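Asks: Using the sequences and the hints, build the whole thing.
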Amino acid sequence: MLARSEIVSVVEQVAAEQSKTLAPLTDKLGLLETGLDSLCFAIIVARLEDRLGFDPFSTAEDTDFPVTVGDFIRLYEQASPGDVAA
Amino acid sequence: MSQREPTSLWQKLSEAGPLHARWLRGVTADVNLAALSRGSSLGAPLDELRGASVLIAARDQLPAALALIELDGVARRVVLCPPDLADEHLPAVIATGEIDAVVGDRCAAKAGRFVRCSAEIAPAHRVRRASERTEWVLLTSGTTGAPKLTAHTLCTLSTAMSGPDPLGAGAVWSTFYDMRRYGGLQIFLRAMLGGGSMVLSSAAEPVGDFLARAGASGVTHISGTPSHWRRALMSASLHKMAPRYVRLSGEIADQAVLEHLRSAFPDADLAHAFASTEAGVAFAVGDGLAGFPASYIGRPGAVDLRVVDGSLRIKSAGNALGYLGGVAFPRDEDGYVDTGDMVELNDGRYHFVGRRGGIINIGGQKVHPEEVEAAINRHPSVRMSLVKARRNPITGAVVVADVVVNSPAGAPSNADALKGEILEFCRATLARHKVPATIHFVPALEVGAAGKLARHA
Chain D
0 MLARSEIVSV
10 VEQVAAEQSK
20 TLAPLTDKLG
30 LLETGLDSLC
40 FAIIVARLED
50 RLGFDPFSTA
60 EDTDFPVTVG
70 DFIRLYEQAS
80 PGDVAA
Chain B
0 MSQREPTSLW
10 QKLSEAGPLH
20 ARWLRGVTAD
30 VNLAALSRGS
40 SLGAPLDELR
50 GASVLIAARD
60 QLPAALALIE
70 LDGVARRVVL
80 CPPDLADEHL
90 PAVIATGEID
100 AVVGDRCAAK
110 AGRFVRCSAE
120 IAPAHRVRRA
130 SERTEWVLLT
140 SGTTGAPKLT
150 AHTLCTLSTA
160 MSGPDPLGAG
170 AVWSTFYDMR
180 RYGGLQIFLR
190 AMLGGGSMVL
200 SSAAEPVGDF
210 LARAGASGVT
220 HISGTPSHWR
230 RALMSASLHK
240 MAPRYVRLSG
250 EIADQAVLEH
260 LRSAFPDADL
270 AHAFASTEAG
280 VAFAVGDGLA
290 GFPASYIGRP
300 GAVDLRVVDG
310 SLRIKSAGNA
320 LGYLGGVAFP
330 RDEDGYVDTG
340 DMVELNDGRY
350 HFVGRRGGII
360 NIGGQKVHPE
370 EVEAAINRHP
380 SVRMSLVKAR
390 RNPITGAVVV
400 ADVVVNSPAG
410 APSNADALKG
420 EILEFCRATL
430 ARHKVPATIH
440 FVPALEVGAA
450 GKLARHA
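Keeping their order, the protein sequence lines are chains D and B. Mapping of the first sequence onto numbering that gives the first Met the number 0: residues 0 to 85, in sequence order. Mapping of the second sequence onto numbering that gives the first Met the number 0: residues 0 to 456, in sequence order.
Honestly, the hints are just simulated from the structure, not real lab data. Be careful, since some hints might not be right.
[What the hints assert, rightly or not] Below, in silico cross-link-like pairs of lysine-lysine (DSS-like), each with a Cα-Cα straight-line distance of 27 angstroms or less: (1) B:K451 / B:K418; (2) B:K314 / B:K147; (3) B:K365 / B:K239; (4) B:K365 / D:K19; (5) B:K451 / B:K239; (6) B:K11 / D:K19; (7) B:K387 / D:K19; (8) B:K314 / B:K11; (9) B:K109 / B:K147.
Predicted model only: the values in this text are computed from it and were never measured.
Replies: Encoded structure:
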């Protein structure tokens with residue numbers, strides 16, 4: 000569960016910085032309905048790479064692009080090397 | 000022939016002021032210019048190098064500077080080899096420069112004759128007769144590939160000089176630059192043609208030692224790149240010198256570095272100049288503000304400036320003659336040299352925003368790293384920064400920044416809070432795609448041999 004709390008906190012931080020109103024985050028919520036635009040997600044991916052040490056978009060082969068918040072979090076959980084949890 | 004007899008650097012510097020009162024100062028030796036009227040730094044009679052194409056390849060600046068003084072007007076061509084030239088490029092430089100002889104402090108390359116030069120002036124009877132209009136060739140430090148050989152003459156290199164310095168032999172010039180690069184050579188020539196002295200730097204010398212030596216030598220005028228100056232501003236030895244004139248060139252001078260220097264040297268004239276090896280000196284700005292007045296474009300005078308497709312173009316007698324070896328030179332059909340430096344007009348002032356090739360594309364929107372660095376550097380806790388692209392699966396790239404803080408410890412006490420503040424600073428002045436996605440605090444940034452922030456791809 001390393002990724003979920005990290006991801007949620009980064010998403011909230013970026014939304015606040017970018018003055019975006021964030022919809023309540025649920026797994027089923029579409030990424031496009033979160034209130035964030037593509038630049039926000041670009042920043043989120045960059046920050047998560049700094050925190051977690053990887054970017055699942057570049058490490059996983061043949062990744063389906065995530066559509067929902069749940070997809071996005073799962074992508075990180077599945078790509079996690081596992082020992083990053085600490 | 001309507002052209003006058005060639006005149007040499009030696010002749011001009013001799014006429015500029017009394018030799019016995021003037022010095023070339025290196026790290027380990029000082030040479031009084033009068034010694035050159037009684038002796039020579041070269042291990043061979045000058046006439047043996049007359050008409051030759053000579054590569055000056057000394058490790059230290061002092062023997063190179065002495066050799067240059069002796070060979071102008073004698074050699075057909077002098078090629079000034081910077082100390083950091085990779086050995087692999089040497090054969091191409093020798094071939095393109097049609098080198099007949101190498102003058103150096105060690106035999107590094109085999110090309111015709113080798114003549115030793117040193118900072119020791121041996122007694123010699125020298126008739127300093129000028130017979131050649133010597134071509135001066137500078138190597139431009141390309142980021143990749145072989146260096147280009149840019150041809151000048153003493154005349155094209157000294158167009159920006161305005162005669163004897165009011166301080167006369169009291170003017171002591173110095174620069175963080177190596178004198179074999181355009182920016183350093185300008186300062187060397189100002190010292191020599193203005194009647195003053197010169198304190199040479201050394202790549203191996205710690206910046207604090209250099210500042211102390213400059214102070215002890217009574218430096219009155221000193222120049223460097225903004226990166227050189229940011230490093231100097233972090234040195235406790237900065238105030239060991241008290242220059243009257245502080246000059247920046249070679250990189251974009253942002254408002255932050257100008258203000259830091261203004262407060263470090265409140266009584267000095269502060270100027271930031273624009274010049275390039277190919278285009279020569281365009282102007283110096285003395286009002287303490289970043290950028291330059293829009294009125295400089297198209298104004299009558301010795302230097303014609305224009306902006307085409309966003310980049311600054313320059314036409315003047317200070318333009319280089321061209322590149323050797325048939326390499327295409329960036330001169331347009333009207334004779335203007337394209338600098339590749341991009342400018343933007345804002346409130347009656349042009350600001351440099353970066354190099355044409357350095358643009359980062361963020362989801363189709365463009366950003367120059369330098370404009371982001373200028374915004375970051377305005378934060379009072381920041382000494383310098385490097386902005387670069389990081390590939391990103393959403394937008395192709397995002398902007399990320401490495402930041403050096405002011406604190407002597409090298410790391411901020413509250414990193415997260417400071418990151419937040421810097422980002423807020425950026426958001427206040429930059430479009431959102433230009434604001435860094437992430438910031439890393441680093442203890443130092445690499446500054447290349449030319450004194451410019453190292454920008455790796």
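Asks: If a hint holds in the structure, say so; if it doesn't, say that too.
Replies: Hint check:
no. : hint            : verdict
1   : B:K451 / B:K418 : holds, 25 angstroms
2   : B:K314 / B:K147 : holds, 20 angstroms
3   : B:K365 / B:K239 : violated, 43 angstroms
4   : B:K365 / D:K19  : holds, 23 angstroms
5   : B:K451 / B:K239 : holds, 24 angstroms
6   : B:K11 / D:K19   : violated, 67 angstroms
7   : B:K387 / D:K19  : holds, 26 angstroms
8   : B:K314 / B:K11  : holds, 26 angstroms
9   : B:K109 / B:K147 : holds, 20 angstroms
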